[in-house]
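> Build out the structure end to end from the sequences listed, making use of the hints.
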Amino acid sequence: MMENKTKSTKQIKANEVAEFILDAGVFLMASGAHSGRVWRNCKRMAEHWGYRMNFNPTFTGIMVSVWDDKDSENAVTRYKTAPQNSVHLETLTQISHLSWKIADGETEYDDARLELEAIKKKAHYPFWLVALAVGISCGCLCTLAGGSPVDAALAFCGASVGSVARYFILGKQFNQFLSIIIASAITTLIAGTDTIFGLGRAPEMTLATSVLYLIPGVPLINSVIDLLEGYFSASIARSLFAASIVSCIAVGMILSIMLLGINNF
Amino acid sequence: MELLSAILIDFALAFCVAFCWGILFGTPWKALLMTGLLGGFGHGIRFILLQSDFGLIASTLIASVSIGLVGIYAAHKVHNPPVVITMPACITMIPGLYAYRSMLAGIKLSDQAILEKEPNIIPTIAHNAVLTFSLLFTLAVGISISALLFRNKSVKEIRFIKNRLKLKGK
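Sequences listed follow chains A and B, in order.
For the first sequence, the positions run 882 to 1146 when the numbering used here is used.
For the second sequence, the positions run 4 to 173 when the numbering used here is used.
Heads up, a few of these hints could be off.
Stated by the list, open to error - Quick list of in silico lysine-lysine cross-link-like pairs, DSSO-like style, CA-CA up to 30 Å:
no.	chain 1	residue 1	chain 2	residue 2
1	A	961	A	951
2	B	33	A	982
3	A	1003	B	80
If you are wondering where the hints come from, they were derived from the structure by calculation, not from laboratory data.
Only a predicted model underlies this, so the values are computations on that prediction, with no experimental measurement involved.
Take a look at the structure:
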């Protein structure tokens, strides 16, 4: 173990370690890891390669310093901007496994690089499956909140159609806040028919639960976790991001509710 | 008997919600089943506590903390970090209804005629907004409970430390 450590210290420069850590770190951050998790994963890798590190995570990027205690010339501080936030929890699992593999000395630097690239390219679930899942979960939430099967069916339709619409809007490279406004407007239009025509028993539940798939649950919860662990700048940035998404959902719903007539609600 | 079937229905619905939410968040395929079970378990606890008049916030707190604690063990079983399965499981208790009510009351606030008809609209907003935020906070506490209790340690180190030492000794 010790032999391995000294060998890799000679081979790998601080610059390379910093680059790897930044690559993995910003990707973790954008996929929905809280700052404490990014810190643990990065530290594990840096320590195996014989370096010490410290970093300043913000939601939009990471600043990292990597240095060698014995060689003061071999040190670097770099910054990298995070890619657009898109929650994908499988990334957390895979980068965590990769970091353990590195810490146990099972992977060399070059292989780890290749593996990281492979993790980055990993696709999300197909959009139709996500739309179906979103519909089912919103329908179930509606039933849990006390809706009848008709309410649940309308929540299912609204959520699925809205989710597909959001996928195509994002595919055209539009701003993600815009995509949320449009998706929530479409969902509310479909779910609002329940109130207008009085189809179900509890039309209020249909409206309240059908837009829940847009709720930024991961940034919201992560912001509180970061707050509790003391990463204040990351926490503020995350809560701001989550708050703006929530207000975008509200804007979309308001548009539709105005269109359908506020007095009907 | 009726209560038991109500609990079972609640469990089944929450299982579906957590499972599907796992797909939305991109939880690995192998961990999805565990996510669903955990979500159903947490929501079931919350349902039982609500039935025995525990109060909404207290029962949500207890449910999310038990998801967080059981999640640590469950995560070992499926070889994933705990957050990956506890996050979608806790989302089953997201306070969507209260957020919606406070938003709807907020829209109505802009209309003079409605305001005169329903003078209680500001207490409605405040009540629902406070409920929303406190419920969100309890969910976050439940998920971060592992990080809070086992400070600065990876969950993998807590239980597997012996096995890892054995492996390294080989």
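> Hints first: check each against the structure and report whether it holds.
Here is how each hint holds up against the structure:
Proximity of residue 961 of chain A to residue 951 of chain A is assessed by CA-CA distance (about 26 Å); at most 30 Å being required, the pair is judged to hold. Annotation: proposed proximity of residue 33 of chain B to residue 982 of chain A holds, straight-line Cα distance about 20 Å (limit 30 Å). A threshold of 30 Å between alpha carbons decides the hint, and for residue 1003 of chain A with residue 80 of chain B the separation of about 23 Å falls inside it, so the pair holds.
Violated hints: none; the structure is consistent with every hint.
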